[in-house]
Each structure stands twice: as C-alpha cells, then as structure tokens.
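Participant: Single-letter residue listing:
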Amino acid sequence: MGSVVRAAIILALVISIWLTLPGLIRTIRQAADLRRLDVHARRAHILGPLYESIRALDRQLPPGEPVALIFRQPADADLGIYVNYYLYPRPTKHYFGVDAYQQDPRRPAAIGWIDRESAWEVRLLSRQQLAEEASR
Amino acid sequence: MIPALVILVWFPLVGAAVSRLLGRVPFFLAGAAASGMSLFVLMLVGVPLGWGIAILAICSALVLLIRPRPREEGYPRRPELDVLLVVVPVLAMLLAVTFIPQHDYDGTAFWMLKAKAIATEGAVDGPFFRGENTFSPRNQYPLLLPIDVALVMKMSGGADDLAVRWIFPLILGSLALEIRRRFRLRHPPAVATLCAGLLVWTPQFALKPEGGAMSAYSDIALAAFITMAFLELVDGTSSARFGFWAAAMVLTKSEGLPIAVLLILAGVWIFRRRVIAAAVPLIASAAALIIWRSRIELTDEGDLFGRLVSLLPSRFEDFLPAVGDLSSYALVLRDWGAFWVIVVGAVVVLMVRRQWRALILAGVVIVGGMALYSAVSVVSEWDRAELLRVTAARLLMHLAGPALYLIASASGARKVDVSHLDVDAE
Chain A
24 MGSVVRAAII LALVISIWLT LPGLIRTIRQ AADLRRLDVH ARRAHILGPL
74 YESIRALDRQ LPPGEPVALI FRQPADADLG IYVNYYLYPR PTKHYFGVDA
124 YQQDPRRPAA IGWIDRESAW EVRLLSRQQL AEEASR
Chain B
106 MIPALVILVW FPLVGAAVSR LLGRVPFFLA GAAASGMSLF VLMLVGVPLG
156 WGIAILAICS ALVLLIRPRP REEGYPRRPE LDVLLVVVPV LAMLLAVTFI
206 PQHDYDGTAF WMLKAKAIAT EGAVDGPFFR GENTFSPRNQ YPLLLPIDVA
256 LVMKMSGGAD DLAVRWIFPL ILGSLALEIR RRFRLRHPPA VATLCAGLLV
306 WTPQFALKPE GGAMSAYSDI ALAAFITMAF LELVDGTSSA RFGFWAAAMV
356 LTKSEGLPIA VLLILAGVWI FRRRVIAAAV PLIASAAALI IWRSRIELTD
406 EGDLFGRLVS LLPSRFEDFL PAVGDLSSYA LVLRDWGAFW VIVVGAVVVL
456 MVRRQWRALI LAGVVIVGGM ALYSAVSVVS EWDRAELLRV TAARLLMHLA
506 GPALYLIASA SGARKVDVSH LDVDAE
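Protein chains in written order, with our numbering: chain A, 24 to 159; chain B, 106 to 531.
Don't read these hints as lab results, they were simulated from the structure.
Given the structure is predicted, the values throughout are model-derived calculations rather than measurements.
Watch out, some of these pointers could steer you wrong.
What the hints assert, rightly or not - Below, a sample of chain B positions facing chain A; criterion: calculated Cβ distance under 7 Å:
#	residue
1	T225
2	L299
3	G442
4	G517
What the hints assert, rightly or not - Estimated spans, in silico, between C-beta atoms of each pair:
#	chain 1	residue 1	chain 2	residue 2	range
5	A	E88	B	G236	13 to 21 Å
6	B	V373	A	G120	51 to 59 Å
7	B	W374	A	G87	50 to 58 Å
Stated by the list, open to error - Per the computed footprint, the stretches of chain B lying under chain A, defined by three or more beta-carbons under 8 Å from a beta-carbon of chain A, are:
#	segment
8	116-127
9	194-206
10	304-315
11	365-376
12	498-512
Cβ atoms here follow ideal geometry from the backbone N, Cα and C, with glycine treated the same way.
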C-alpha cells in the first residue's frame, strides 16, 4: 500500500511541476527583461500608463498636499488602490462620484480623477474640469 | 540589495534566539513570527518601531549569548541534493520578486500599504490606522506580516517595496524544508522530500497572483504557522512551541484565531493539562489584537462573529452546499494539480489501516477549517459564489500542511524515537 501511495505522490508532484514550470519560466524571463530597467520603468512596464500618471500627479502637487481620489464608477476604485499605494505617504481620500466629493465639507482641494473607461490613469483636475466631467 | 540582506540575517538570528528558549524551531519562520508578535506588542504599548527593533535585537543577542544551543537531531549534517526540489523553485521566485514590481491586488491594497504606513509612522495606531490621512481598506486586518516587512524597510532605510518581498518566497521555502525535516523523523525520507516538493510546486503556492509566494498576501505565512502548530500537536512534546505558533496565527490573519482555537481544543487531548502553557500566549495575542482594534478605525469588515451566531441557524440549509462549493475549488487542476485528490486517497488508506490518530488530528484542522470557512460564506454580506470564487483557493492553502501530513502518514511510517525531543516538564 505504501508504495502505491508513494507512486501517487510522485504523480501528483509531476502534475504540479508540469502545471507550474511554464509559468515559472515565463516569470523568470520577465524578471530578466525587467532587470535592465530602473525601478520606475519596471513599474511602468507592469502597471502601464497608470504608474506614469501617478508619478505625474505626485510631481505636480506640493509634498504632503492631500488628494481627493474621485472614481467615476465604483469599479474604478480598483485602480484607486494602486494610486493610493504609490502616492503614500501623501494623504488621500476616496470618493465614489462627484456628488460625494462636493458634499464633503472637508474635501481636499487637489483632485485625482479616475475613469478607466476613458483612460487607464489618474488625472489631476481643476474644479472646472471636474464640473465638466460631472456634466457629461 | 540591503533589504534582502536584512531579511537573510535578521529573521534567522531572531529565530535562533527563539530556538534557545523553546527548543528547535525553523529559524526563518520563528524569526518572522517572533519579530511580528513582539514588535506588535511593543508598538501597542507606545514603543516606536525603531526602538522596538533595537530592544528585540538586544534581547535576541542576550538570549543567544546566555542560553546554550539545543541538540539538533533531525537536521542533516551535510547538505543533501534532494533539497534542490525545494530550493530551485524558491530561488526562481526570489529572482522574480527582485525585478518584477509589487502589483498583486490584496498585497498592494492591504498588506504592503500597511507595511509602508508602519515603517513611515513607526506605530500601529498612528494617523494611518486611525483613518486620518489615507484610505486604508481592511484597516483591522492583523499586522504580523506588515510589521515584518516594515522592520525590513526601517532597517534598510526606506519605505519602499523593493526587495522586501523576499520574505514571502522564503517563508514558503522555510516551511517546505521544515516539512521535509519533520516528516523524515516519522516517515520514509523520500516521502518527506516529495511532500515538501509537492508544496512548493503546487501552482496555488508557487504561481498564483492571489496568495502565491510571489504575491504579498499573508496566506502562506498563516499556512506556515498553522502547519507548525499542527506538527507540534502531532509530536505532543512541547506545548510552549505549540502556543508560540498558535499565537502567531492569531496575529497573521483573521482566520488564524478560530483555527488556533480548534488546534487548542485538539491540544487538550494531546497535551492534557500542559495545554494551559499553549493557551496563555494565544489568549495574550488575541487580547492584544482586541486592544489594538479598539484604538483604530474599523473599516469594511462587519461583525462576522455576530453574523455567524445570529444568521447561521436560519441559513443552515445553505451550509452543506457551501461546503460542496468550497470543496469543488480543491479540484481545480490549474490551482492545485492533483494535491487534494491525493489527500482524499490518503484518507481512504488511513481509514482502511485504522490510523485514527492521524485522521482525527488532521481532521480537526481540515474539516473544522472547511466548516468554518463555509459557514462564513453562508452568513457573509457578499454573494456566496463570488466570495468563494475570490477566496476559496487561498483558504485551502491554510489547510495544506495537515493535508500533507495525511499523505505522508498514508505512505507508511518509520520507527520513531522521540526520546531526544525536549518534552515539557509535567
């Protein structure tokens, strides 16, 4: 019985290696490709234009100034997670929709707009631009 | 590469100090557990992270200087080639996390963000956790792993995620090598190696962006601590080590507390009155978690215990279907290969052989854990199918260690001499 069990474990291990090895090789190749890039280029490679837009937004604001991250759709919050992460320690506050932002008496002045249907990025908007987005 | 060096030196040294106090433990896992737990408690009483690290370093050094080395039975004197089955994939994972930036969802949204906040604020109850400066989803998640990451960030002089993610593949590698060592004490060496290899090569552990070793989730750490506590239960020699791992479970993920309680209940059978020594650290860590949660902003996690008590009786007809749904994820080939199929086969073999002890001990964790997770899915505010779709594979990871024990037990045993193990004084 023990030898049958051992054969079964070997079979299970072979199946796991067969399932994992191609993905692991792909991952190593990706790592080797990214090795030549600096860290920001690597992040941009993985996260696409979102990362560049986070850096651009961060550069345009004074250090430590809070940002309101406003999501056009609830699903945009998924992008907001990455914006939140890479902006930290810059303070952020999340709003689902323009109305939620405008109703908050303690809203930050700086506005990061996320609408992934139009672009996979965060955009720094003025109040006027936000009003235009809201009226669309 | 400074963070990587810190990881390779700090955690094994703290783990070595733990082994001088509790008897032989896997250094890396014990170092990760002890660092996270002690720094959590120190920060809870107002000691900043930097000072906490200094205190822990001094205490670890004193312990290493004063306490004698334990005997090291079960550890091979020379490296053996079969460890390559574990080491090679872990090296590949280390290479990957060195150059591929952090991007998995939960790791980015919750775990690494908390680590950056702890490293930046030096506290677990600062403005970030009080909800005063940054959106922190799942704010009340336990902090053991984020604290470990934060200490690496602090010691390497920055709050970025570069190379700190070496922690995650190394936890998997350390767990696999410890499984190999412990199983060799009771089972044929080839079986021990195969089980360790099966763990690291299973796609859910090796590759999956949701919970795998190249992501920044806490599930592998919880799986590791559950496995360690479970193996102490199987050995039945040290209730102090058992309690140490159970306490670490509580501070790693919310699922850790109920699984730890299950293990402690099984521990009553194995350790008898000695189980009190295990219950004390468990209660202390649970109390620390409760105190911390009373000080921070509780965000998007409802009163799950209250929902279980109030809703489960009225929704009980959904419970068995939920168990079935959860179990079905164990058979997803691309995540688990044949892992759980072999476990079912092992259960049949053990029942035929009437090896009830192995079945009962593993059953407490696996059946208890699956029942718990299924019950939670029944009372959750989420749609049950959607909740299981995003969590089932990760929840099953927590139970992998006891499952591997079933596989090893079914393959046969070698004569065990546990006289060398340091049994608690009665």
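Participant: Hint by hint, note whether the structure agrees.
Facilitator: Evaluated hints:
1. T225: Hint holds; B:T225 Cβ to chain A Cβ min 5 Å, cut 7 Å.
2. L299: holds (5 Å)
3. G442: holds (4 Å)
4. G517: The hint holds - B:G517 has a Cβ within 7 Å of chain A, the shortest such distance being about 4 Å.
5. A:E88 <-> B:G236: 13 to 21 Å: Since the Cβ atoms of A:E88 and B:G236 sit about 19 Å apart, the hinted range of 13 to 21 Å holds.
6. B:V373 <-> A:G120: 51 to 59 Å: holds (53 Å)
7. B:W374 <-> A:G87: 50 to 58 Å: holds (56 Å)
8. 116-127: It is violated, with 0 qualifying residues against the three required.
9. 194-206: holds (count 9)
10. 304-315: holds (count 5)
11. 365-376: Since three or more residues must qualify, the claim that chain A covers the segment 365-376 of chain B is violated, with 0 doing so at under 8 Å.
12. 498-512: violated (count 1)
Violation of the numbered hints given earlier is confined to hints 8, 11 and 12; the remaining hints are satisfied by the structure.
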